[in-house]
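Residue numbers (this note's numbering), protein chains in the order written: chain U, 1 to 290; chain R, 1 to 353.
In case anyone wonders, no lab produced these hints; they're calculated from the structure. Keep in mind that a hint or two might mislead.
As the list claims (entries may be wrong) - The list that follows gives simulated cross-link-like pairs (lysine to aspartate or glutamate, EDC-like), each with its CA atoms no further than 20 Å apart:
| id | chain 1 | residue 1 | chain 2 | residue 2 |
| --- | --- | --- | --- | --- |
| 1 | R | K76 | U | E185 |
| 2 | R | K311 | R | E255 |
| 3 | R | K76 | U | E182 |
| 4 | R | K155 | U | E185 |
| 5 | R | K179 | R | E121 |
| 6 | R | K12 | R | E55 |
| 7 | R | K210 | R | D234 |
| 8 | R | K12 | R | D61 |
| 9 | R | K169 | R | D211 |
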Amino acid sequence: MTGPMTTDRRPMLLMSPALLWLFGLMVVPCLLILVLAFFRRGMYGGIEYTFTLENIALVFDPLYAQIFLKSAWIAGLAAGIASILGYAAAYAIAAMPRHRQSALLFFAVLPFWSNYLVRTYAWIVLLNREGLIVNLARWIGFEGELPSMLYTEQAVVIGLVYNYLPFVILSCYAPLSRLNPEISEASRDLGASGWTTFRRVVLPMTVPGIATGFVFVFVLSIGNFVTPALLGGGQFQMIGNLVYAQFLTANDWPFGAALSMVLIMVMLGLLMAQATVADRASGGKAGDNG
Amino acid sequence: MTTPLLSLRDIKKNFGSAQAVAGVTMDIQRNEFFALLGASGSGKTTLLRMLAGFEAPSAGDILLEGASIAAMPPNKRPVNLMFQSYALFPHMTVAQNIAYGLEMDRLPKAEIKSRVSEILEVIQLGHLAGRKPDQLSGGQRQRVALARALVKRPKVLLLDEPLGALDKKLRSEMQLELKRLQHEFGITFIVVTHDQEEALVMADRVAIMKDGALLQVGTPREIYEYPETRFAADFIGVMNFLPVSVASGGYQGKEGPLIRATEAPELAGGSAAVAAIRPERLGVETQGENSLAGEITDIAYHGLDLLLHVKTPLAETPVISRLTADVAERLAPQVGQTITLGWSARDTRIFPA
Chain U
1 MTGPMTTDRR PMLLMSPALL WLFGLMVVPC LLILVLAFFR RGMYGGIEYT FTLENIALVF
61 DPLYAQIFLK SAWIAGLAAG IASILGYAAA YAIAAMPRHR QSALLFFAVL PFWSNYLVRT
121 YAWIVLLNRE GLIVNLARWI GFEGELPSML YTEQAVVIGL VYNYLPFVIL SCYAPLSRLN
181 PEISEASRDL GASGWTTFRR VVLPMTVPGI ATGFVFVFVL SIGNFVTPAL LGGGQFQMIG
241 NLVYAQFLTA NDWPFGAALS MVLIMVMLGL LMAQATVADR ASGGKAGDNG
Chain R
1 MTTPLLSLRD IKKNFGSAQA VAGVTMDIQR NEFFALLGAS GSGKTTLLRM LAGFEAPSAG
61 DILLEGASIA AMPPNKRPVN LMFQSYALFP HMTVAQNIAY GLEMDRLPKA EIKSRVSEIL
121 EVIQLGHLAG RKPDQLSGGQ RQRVALARAL VKRPKVLLLD EPLGALDKKL RSEMQLELKR
181 LQHEFGITFI VVTHDQEEAL VMADRVAIMK DGALLQVGTP REIYEYPETR FAADFIGVMN
241 FLPVSVASGG YQGKEGPLIR ATEAPELAGG SAAVAAIRPE RLGVETQGEN SLAGEITDIA
301 YHGLDLLLHV KTPLAETPVI SRLTADVAER LAPQVGQTIT LGWSARDTRI FPA
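Whole structure, please, built from the sequences with the hints as guidance.
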């Protein structure tokens, strides 16, 4: 064995614990799900080991496809709102003097240090029929019956946006803070207004950050089952709740696996789209060479 | 008399309590190639940014063709800046970068297209129009940045250290290239540089800046041959300084004959002064009113010329004499040899100590 060969192996050695972890706890279970999705459900739970495409077909049954679309709509709404709010916040933070930026980022990420459930329960207190927001509206002078805000689609979206906003702030802050201020100045110098500079230079150069944040929120939201259960109050199901139910209450593992598989495919597709966006905006080494 | 193209009236700029520019007044003419020369922190870049519109003067006024532009935002000024970092848009191709400024002017598509390809021809990068900035070399990026600013045909083109990021050989090529383009486009260039050679080679006029103020403004020859201050004399090129005291009819060094100078400021008799002589005016064979003997301590070979370091009784540091290659070859000087250097009274500058 020669010298350079040993140095070449060192990175592999360093990566192997993480790779083993990923392989054992991520790749293998995913493959199991993939396999499971093609078996028949046993009479009393259990799994009958005969090949079938019924489970996959059932996912596209209007009843379930509708839940899929609904989940995608809610996740998309949450991701869209979080992207706009997060980008604006990141833009403001990046425009601050350097020494203040790390403190502001710290505050933006602060909610992460507390438990997800606790944070979601806090929203129940806020959105309750006798909650803070309703009381505030009464105090301002709003009279009459207020519509309940809890256990609605909006409550779920609010909960998802709130919980995942810090991801977007971080993913947008990274490219915004790296932007050379001379680039914006060059655009102004060449005759562009502040808005045109933002639209044609700043936004396209930082769009990978938005794409990353959007996909993050979307992927985490579409599979989420805690927030819809607590803030949606079982009024409607999202795909996460459906999968949860198949595995833990309906005992239909093959169908749960089929649902999971389609969900994973959607997520992978989105991650690939996001990688393409990031690649194109970075100057497009892998993009067009024309 | 016609109005100057650009007129700076007592421009000042403060950042908090620090004064970056301390009252600059000057005129720049049409088609001039003007260089602002100074060390970092001299205020030259701040002055340039005020001309581009990125900083507002704390006091004073900037007139372009007689009208004030001090309050005009950068996107409205008929002035363009080529940034030190080039600041090319990484997500756009070379052609899109160059077209950007023309699109902002809302020119018809056909005209934008023809002007972009025309300037690509001038900078000889037509074959790379579809490339992104990341795929270009440093020299190519520099030319794209230049083209992007030039294509707008501004009244004044500002260049912030335009050749700073290039290697030495490319830099001297581009010095002449910039001069050619300036001549071809008939646009006034104002270049900020800390490189004196760059300023002397390219500019019609050079302004030396120090501590936010103009020290001297003049042609490269005036700046080099007739520095007005000891700082300017020291800052530009190499200069020998000999401490002297003012005597009648000349200047007395530590020992030896009086040093003669044709032109000199009025100084009180007996007061301390310095005599300054350029190395190329101080020669082994040079005949002149002045002479100085010393011992050669070092010989530095530079190809084109030879620098002799000569220890003399008149100064602590050795004086430097520059011999051209042919003279050096004929004389074959040796370290340790004692020689006599001569120079003319015309080439002696006197500054108060």
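Practice task
Compare the distance between the alpha carbons of K311(R) and E255(R) with 20 Å, and conclude whether the hinted pair is satisfied.
Solution key: Roughly 14 Å between the alpha carbons, so the hint for K311(R) and E255(R) holds.
Handout entry: Agreement of K169(R) and D211(R) with the hint, judged by alpha carbon distance not exceeding 20 Å
Key = violated (31 Å)
Practice task
Take the C-alpha atoms of K76(R) and E185(U), compute the straight-line distance between them, and say whether it is at most 20 Å.
Solution key: The given pair, whose Cα atoms are some 13 Å apart, holds under the 20 Å limit.
Practice task
Sort out whether D234(R) lies within 20 Å of K210(R), counting only the CA atoms.
Solution key: Holds, at about 13 Å.
Handout entry: Pair hint K76(R) and E182(U), alpha-carbon separation not exceeding 20 Å
Key = Distance of about 17 Å is within 20 Å: holds.
Practice task
Given the hint that K179(R) pairs with E121(R), test it: the Cα-Cα distance must not exceed 20 Å.
Solution key: Holds, at roughly 17 Å.
Practice task
Would you mind confirming whether the straight-line C-alpha gap from K155(R) to E185(U) stays at or under 20 Å?
Solution key: holds (19 Å)
Handout entry: Restraint check for K12(R) with E55(R), where alpha carbons must lie at most 20 Å apart
Key = holds (11 Å)
Practice task
Measure nothing beyond the straight line between the CA atoms of K12(R) and D61(R); if it is 20 Å or shorter, mark the hint as holding.
Solution key: holds (9 Å)
Hint check: a violation occurs at hint 9 only; the rest are consistent with the structure.
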